[in-house]
Amino acid sequence: MIYINGTASISPQPTFEKKGFLKEIVEYTTNRFQCIEPDYEKFLSPNELRRLSRVLKLGWGAAKSCLDDAFVSTPGAIITGTGCGCYHETQKFIFSMYENDETLLSPTPFIQSSHGSIAAQIAMMTGCSDYNMTYAHRGFSFESALMDALMLMGEKHLKSVLVGGVDEIGERQFITFNRIGYWKTKAINNLKLLESDSAGTIAGEGSSFFLLQDFSGPETYARIRAVHVFSNLSGTVDVENEIRKFVKRQEITVNDIDWVFLGLNGDKQFDPLYYHLMSTVFKNNGLACYKHLCGEYHTSTAFALWLAAKILKEQTFPSILKLNNPENKTVGNILIYNHYRNINHSLILVSAR
Amino acid sequence: MQQSKVFITGMGIVSAIGMDVETTLDSLVSSRSGLGKIRLLDTRLKEKLIAGEIPYTDEELLQMAGIDKVPGISRATLLGMIATKQAVRNSDFENDEKLQTGLISGTTAESMTSIEKYLPDFLSNDSRNEYIESQDWGFSTEIIAKSLGINGFMTTINTACSSASNAIMLGARMIRQGRLDRAIVGGTDALSKVMLNGFNSLMIVDPEPCKPFDDNRHGLNIGEGAAFFVLESEQVADRGKMIAEITGYGNANDAHHLTALSPDGKGAFLAMKNALESCNLNPGDISYLNVHGTGTLNNDLSEAIAIEKLFGKTPPVFSSTKPFTGHTLGSSGAIEAVISILALQHDLVFPNLNFSTPMHEVQVRPETSLVKNVEILHVMSNSLGFGGNNTSLIFSKVES
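Protein chains in written order, with the numbering used here: chain P, 45 to 397; chain C, 105 to 504.
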């Protein structure tokens, strides 16, 4: 069995400093949420502080804090998922190419432009020479990383695997995707995201890491039972049936799941699917949402997993997350179900230790 | 649980040395390099640098792929589509809905050719530019999946120059663990201004054809291309269609620098060692080693030191085939996997072109001529990427 024995998250909420779990909530009235970043001086030398791109800092900050949380200095492997990775640096390089007519370019943004640099930077900083992988596939990025981590634990009998999801929302990225209706056109209050009744969602970002090990102890957060993805490129997939099949394969029933995190993001083009499931397959479950706190991004499920891990360890379910309040719900099994634009669907099942 | 063996039952390739497997083999056997003047890409560097450019426009590639224009489709996606179609036709598998079929693509630049052309437009005007969505890396993989009718597991790997090797490795692991019955795996990358300028800004591009493992090497040449495979479990694969078996794989990280390999070749050594250990082979079992061999000072020295450390004084016959194709970056691992399998199928070793002076720091030297009639049982292929991401794959003859 595989357990989460350490975790950390940098998000648009004050999740990084350990001042109580969701005790403080930040309200946003912009449609672009940015992370509340830690003081990186604790984690980086002055030279690194100057040299590293923002997304590399987001990645390293959460990774280092996660390792510290589990008292591990060098993990057995490092796996990241990132939808847009270091694309901000690529954009910088493209503009310098235009501005300088392809001559005398500084290589720095190019050096930091590969999606794999986040995991590579962590490998360098921790001296980890073992397995290192980076997935960059929209709403499957973090899920692919997590699946790989679970496979690897079984294959190589590693002592630990560090797995994380990292994305940033740069200004150019925000503007360009705004052109094609990804974001809401009017500013809304994030805590009223699901009442907005309009197309588009709010842009977010974050970096959440997990240290997986094959043993549990008093500091364990949760047990990871399964991760599953399925695509709906044809638009004809019976999502409800896919979820039922997944649950059955775990040898439990839907009623054994206490709480379901749903990827509701306030976009009226895509939310109806969640509402359908809430009235059918999930009609007896405790229901929760999370994107009003972190915004929408490719690896938002890493933030949802961080929430689930904290909830399972602390055995409290903050009301800011709840969509309903069924009586006598314990906090034993949590399912995270998310879909990215009804194309990439994912399920992550975690349980209390 | 008994783990399944993993067989290759189909492959497809497009690069500067040929738009299919047969032409690729013919070019390799005839020492016909694909490196030359840049004719299609609109770049200032075409006066200065050469590349392994595929001599067809995007419109011509669209025709070859046999499809109508899809919104947001980029050159790399088109190359990927042509290669996946060849692989699927070659395998000629029967579609069975009960089987789990996945698609795993490795790419480092994905839709860069479109992005670098339209990025200012994305930002400056409100026209709903069809390429905006292609700015996320999975978009291209999903277009390929749609064209193949795949609707199950799919993912995209970006670990720079080892991306496609890692895609092949993941497909093999998922089949071995029973998570997939069949996987279409490989990688694609197209020649872009960003990559030409990026490598040029690092001052590691040779304006002349590259000279891997030569003492007077001056850098790499960029290429483009795609290669894909159909992998099947032994339960699913038709015995008559098995081209090769994927027996070993290993990944390791140099943990040294974002763009340079360690001077002691640690990452490359560990990747090769892990690959051998994964299939219980000894260094002496490898009949041919297709090295990464980019032609840069740093890569070739680091890789040579790793080879000497692992294989000792008698390394297997080895060559870099990048003087044929150029360095196709994210897809190079798949391109060279096809070349490795051609070596296995035809008992050939392909020459390391342009080599004349052995490196002064090491003893090992590459094979410079076409070697025929040698028995090739196991081939190892190396891919060493930015971020110190190193992967070795081992392909073996199918046991009869």
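Do not rely on the hints blindly, as some may be mistaken.
[Claimed, not checked] Which bits of chain P does chain C cover? Going by a derived footprint, with three or more residues having C-beta under 8 Å, they are:
(1) 213-223
(2) 277-287
(3) 342-352
Just so you know, the hints here were simulated from the structure itself, not pulled from any lab data.
We treat Cβ as the ideally placed atom computed from N, Cα and C, and that holds for glycine.
A quick look at each hint next to the structure:
By the rule of at least three residues with a Cβ nearer than 8 Å to a Cβ of chain C, the coverage given for the region 213-223 of chain P holds, with 6 such residues. Counting residues of the region 277-287 of chain P whose beta carbon lies closer than 8 Å to any beta carbon of chain C gives 3, which meets the minimum of three for the stated coverage. Judged by the Cβ-Cβ criterion of 8 Å, the region 342-352 of chain P is not covered by chain C as claimed, because only 1 of its residues qualify and three are needed.
Going down the numbered hints, you'll see the structure goes against just number 3.
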